[in-house]
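Those sequence lines, one after another, are chains C, G and L.
Just so we're aligned: 236 in this note's numbering is position 236 of the first sequence, and the numbers increase by one with no gaps anywhere.
Just so we're aligned: 94 in this note's numbering is position 94 of the second sequence, and the numbers increase by one with no gaps anywhere.
Just so we're aligned: 126 in this note's numbering is position 126 of the third sequence, and the numbers increase by one with no gaps anywhere.
The reader is advised that the hints may include incorrect statements.
[Said to hold, decoys possible] Far from chain L by the CB rule (all over 12 Å, computed), these chain G residues:
1) F49
2) A64
3) V68
4) M223
[Stated by the list, open to error] Just so you have them, the derived chain G footprint on chain C, three or more residues with Cβ under 8 Å:
5) 126-134
6) 187-196
Simulated from the structure, these hints should not be mistaken for lab results.
C-beta: ideal position from N, C-alpha, C; glycine also.
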Amino acid sequence: MHANPVADPAARFTGSNATGHSCAQSVPAADAAPALTLRDVTVAYHDRVVLRDVSLQLAVGRVTALLGPSGCGKSSLLQCCNRLSDLIDGCRVQGNIRVFGEDILAAACDLRRLRKRVGMIFQKANPFPLSIRRNIELPLIEHGVRDAQQRDHIMEKVLRDVGLWQEVRDRLQAPAQSLSGGQQQRLCIARALALAPDILLMDEPCSALDPIAGGRIEELIGELRGRYSIVLVTHNLFQARRVADDVALLWPMPDGSRLLEFAPRETIFSAPQHELTGLYLRGAMG
Amino acid sequence: MIRSLRQRPWSDSLLALACTGAALLLAGIFFFLLWDLVRPGIGGLSWQFVSTLPAAAGRDGGIAPVIVSTLLILGVCLALSVPVALGTAIFLAQQQRGLPWAAWTRRSLDLLAAVPSVVFGLFGAVVFCELLGLGYSIAAGGLTLACMVLPFMIRAAEDGLRAVPREYHLAANALGLSQYRLLGAVILPAAAPALLAALVLAIARALAETAALLFTSGYVLRMPSSLFDSGRTLSVHIYDLAMNVNGGERNAYRSALVLLVLLLLINTATHTLSRCLSGKARI
Amino acid sequence: MISSSPSTSSPWSIDLLLRCWQRLAAAVAGGVLLLLVAYLIAESLPALMRIGPLALLTDPSWHPLEGSFALLPMVMASVGIALLAMALALPLGLAIALFLTVYAGRRLRAIYVAMLELLAGIPSVILGFWGLVALVPVIARWQAPGTSLLAAALVLALMITPTIALLSHLVLRQAAQTHALTTAALALSHYAHIFRVVLPVAMPALASTALLALGRALGETMVVLMVAGNVVQFPASLTTPVRSLTANIALEMAYARQEHRSALFVSGLVLLLVAGGLYFLIARLQRGDKEQAPVESAA
Ligand SMILES: Nc1ncnc2c1ncn2[C@@H]1O[C@H](COP(=O)(O)OP(=O)(O)OP(=O)(O)O)[C@@H](O)[C@H]1O
Ligand SMILES: [Mg+2]
Numbered sequence: 001m002h003a004n005p006v007a008d009p010a011a012r013f014t015g016s017n018a019t020g021h022s023c024a025q026s027v028p029a030a031d032a033a034p035a036l037t038l039r040d041v042t043v044a045y046h047d048r049v050v051l052r053d054v055s056l057q058l059a060v061g062r063v064t065a066l067l068g069p070s071g072c073g074k075s076s077l078l079q080c081c082n083r084l085s086d087l088i089d090g091c092r093v094q095g096n097i098r099v100f101g102e103d104i105l106a107a108a109c110d111l112r113r114l115r116k117r118v119g120m121i122f123q124k125a126n127p128f129p130l131s132i133r134r135n136i137e138l139p140l141i142e143h144g145v146r147d148a149q150q151r152d153h154i155m156e157k158v159l160r161d162v163g164l165w166q167e168v169r170d171r172l173q174a175p176a177q178s179l180s181g182g183q184q185q186r187l188c189i190a191r192a193l194a195l196a197p198d199i200l201l202m203d204e205p206c207s208a209l210d211p212i213a214g215g216r217i218e219e220l221i222g223e224l225r226g227r228y229s230i231v232l233v234t235h236n237l238f239q240a241r242r243v244a245d246d247v248a249l250l251w252p253m254p255d256g257s258r259l260l261e262f263a264p265r266e267t268i269f270s271a272p273q274h275e276l277t278g279l280y281l282r283g284a285m286g
Numbered sequence: 001m002i003r004s005l006r007q008r009p010w011s012d013s014l015l016a017l018a019c020t021g022a023a024l025l026l027a028g029i030f031f032f033l034l035w036d037l038v039r040p041g042i043g044g045l046s047w048q049f050v051s052t053l054p055a056a057a058g059r060d061g062g063i064a065p066v067i068v069s070t071l072l073i074l075g076v077c078l079a080l081s082v083p084v085a086l087g088t089a090i091f092l093a094q095q096q097r098g099l100p101w102a103a104w105t106r107r108s109l110d111l112l113a114a115v116p117s118v119v120f121g122l123f124g125a126v127v128f129c130e131l132l133g134l135g136y137s138i139a140a141g142g143l144t145l146a147c148m149v150l151p152f153m154i155r156a157a158e159d160g161l162r163a164v165p166r167e168y169h170l171a172a173n174a175l176g177l178s179q180y181r182l183l184g185a186v187i188l189p190a191a192a193p194a195l196l197a198a199l200v201l202a203i204a205r206a207l208a209e210t211a212a213l214l215f216t217s218g219y220v221l222r223m224p225s226s227l228f229d230s231g232r233t234l235s236v237h238i239y240d241l242a243m244n245v246n247g248g249e250r251n252a253y254r255s256a257l258v259l260l261v262l263l264l265l266i267n268t269a270t271h272t273l274s275r276c277l278s279g280k281a282r283i
Numbered sequence: 001m002i003s004s005s006p007s008t009s010s011p012w013s014i015d016l017l018l019r020c021w022q023r024l025a026a027a028v029a030g031g032v033l034l035l036l037v038a039y040l041i042a043e044s045l046p047a048l049m050r051i052g053p054l055a056l057l058t059d060p061s062w063h064p065l066e067g068s069f070a071l072l073p074m075v076m077a078s079v080g081i082a083l084l085a086m087a088l089a090l091p092l093g094l095a096i097a098l099f100l101t102v103y104a105g106r107r108l109r110a111i112y113v114a115m116l117e118l119l120a121g122i123p124s125v126i127l128g129f130w131g132l133v134a135l136v137p138v139i140a141r142w143q144a145p146g147t148s149l150l151a152a153a154l155v156l157a158l159m160i161t162p163t164i165a166l167l168s169h170l171v172l173r174q175a176a177q178t179h180a181l182t183t184a185a186l187a188l189s190h191y192a193h194i195f196r197v198v199l200p201v202a203m204p205a206l207a208s209t210a211l212l213a214l215g216r217a218l219g220e221t222m223v224v225l226m227v228a229g230n231v232v233q234f235p236a237s238l239t240t241p242v243r244s245l246t247a248n249i250a251l252e253m254a255y256a257r258q259e260h261r262s263a264l265f266v267s268g269l270v271l272l273l274v275a276g277g278l279y280f281l282i283a284r285l286q287r288g289d290k291e292q293a294p295v296e297s298a299a
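Generate coordinates for the entire structure from the input sequences, incorporating the hints supplied.
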């Protein structure tokens, strides 16, 4: 097991290393336990297989870009990793997914704990129709941070992390919906960070935003690198090149998409193993 | 709306004439009806009428026991139907359309909504009055009404809950929130105006109902001393004065006016309240 | 240090309670119909067994205390009243819906719709009362006693017209909006737009609206009870006083015993079957018409 698999939010933020906010996992050792392991994962909707035999190992603290043509099952793959797939009618997941060694597809898996450890950011920002403060408080209360001062402390910390603190410190009671699209998305990231997750799944977090707001999010991902293990779905190859440490490419096949290639960024962009990878990465880049 | 550039053919004008005529006709009837109902009743309408006991089988005096019975029957009806309707609506709104037993429940409710109210009366007379041994009573009447308003309440509440964006569900689940928290903090507040509307719909139906109550809650005009006493609602009172009491018309007019005003008040109050609620959710 | 482990009163145990409550509620709500059908059948059985379904139709008259149980005149009265009411309300309601969709400006439409909603919200007992004091005397001047099939049909028509108009307006507006650009591009006249495009497209939905209204007319008790006259006889003319199935139940349920009571439940069962049949038809119409928004079940 990993050294600190389920840091409770309070401990994570108020502990001895609160100032640095970087835990032992910031510098991944080559032989550290992988954050996320997928083995032969097959996903089907109503018996139509959309993903077949995907195997991946994501190292701790790295940003992995998940690429692939539209409809090849990138979102589906992400949803398996925090069992959001449970909510989708007719969705079946086979294979083996481990978060820090723990089998999350097992029936005994504590979903609440899993979803606290594996945060998710959606394409469209989805803050609750409540105040900014309440949006961050709600998950904290749910996960047992009873002390209001502690919650305020965490809130300030994560809002600073996403660069929103200066913008909203005076209007925390304002409804979240009054923020701009980019601010809402950063609020959602802050909300996920408040639970001190180990892994962040980001499903095209910038694609609904204008380039400047998207750029802020991208910078933010760069800043979060090392502290969180991040899976980033994106259609923007420049973005992948800028922020990703590793790149995974899914490719649609007649019987369901497969993982075509998975390699560090430098390798995959300069010397792809697979001909299709090269074509996709070059062709799409013009 | 489209205005063709060509000159209108004569059939166009004829159609316009017919439709406008129909609209005028119904509007005319409506205002005539309103005038006809309000004019004779408005004079005798006073606080005293609502708060005093009836005399001479309702011919004279007020309608205090009728108001009390109405409120009690309404209370019993809502106390039973609201928890059931809300639970069912939440259950159905969560289910994907395909699930067989959710679909079955929905279909049976749609059919229940089509059942004539007098049939509910028969059902209530057997099950609540006889089987449960409640006899002609406010409790039996309230139970019968609860069954009757259930499908309307559920349908309206479910629609309201479904209108809450699915993103909130996804966000809440991705954060590991419990259903309790999701419902309490996000879904129910967001759906509050629709839920309120569902409640009002049910109240309006219950207040307007007569046939289902004639042989479940009975006719008795006395002030009820418990839920197991018989009691008549405003609408039953109107029916009885109009049909069975010679010279009861004067008070029937007044009671009808009271009922109309009651319905209008409830509607206006909820419109205002729901505007406040949805305003708060938006700000 | 604050622990993050869930305590005993954690929302997750409340969740379990919540789930139980929802399931239980759904079971209760779904069970009402089952119970209703079951008890109606059970209570009807004595009449169906001892009197026999045929005798219920062919007996010479309705004298339940003397063992004569003819439901047929009342069935005919119910059907006659409902059909006449529909014949009046359907054209009127449709014309008003057209008026709202095509001719009325936005302000006028909003006002008129509010008026229709008010009218639709008037309790039927008040409509019945109004029919009794305002309409019946007028008819009586022409043909005594005034309480009659015609009076019931007129008041019933007034009762269902707002519903028909409101629902049809919804349907037509949607059809008109989806096809507005096409017909404009083809430079069709108003008349052609409405009659060649909008009405045919909206026809299935309009039909289910009409069936819904028919169901309400057949099931209505108070109006019919108050203005139709309540004499058990075949409707020979418009001004005959008649008694409907629903009114019969309301009139006699309080004192009916044994077979008599059971015969009333048979009429309840008949009403239930009619409602079920109409519901089935509406469901089929709506299924065959998936693109259109489903019409709300009753308003
Ligand atoms: N709820 C669902 N029911 C049935 N099929 C689905 C469902 N969700 C997705 N699919 C199918 O699964 C496949 C993969 O969808 P997914 O959304 O995972 O693709 P994606 O790679 O995220 O696409 P995009 O880049 O456009 O977001 C698609 O072919 C889609 O039609
Ligand atoms: Mg996607």
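Comparing the hints with the structure gives:
For G:F49, the shortest C-beta to C-beta distance to chain L comes to about 17 Å, beyond the 12 Å cut-off, and the non-interface label holds. Taking the minimum C-beta to C-beta distance to chain L, about 20 Å, the non-interface status of G:A64 holds against the 12 Å cut. Once the 12 Å rule is applied to beta carbons, G:V68 is consistent with being away from chain L; the minimum gap is 19 Å. G:M223, annotated as away from the interface, keeps every beta carbon of chain L farther than 12 Å; the closest lies near 22 Å.
By the rule of at least three residues with a Cβ nearer than 8 Å to a Cβ of chain G, the coverage given for the region 126-134 of chain C holds, with 6 such residues. Counting residues of the region 187-196 of chain C whose beta carbon lies closer than 8 Å to any beta carbon of chain G gives 4, which meets the minimum of three for the stated coverage.
Checked against the numbered hints above, the structure violates none of them.
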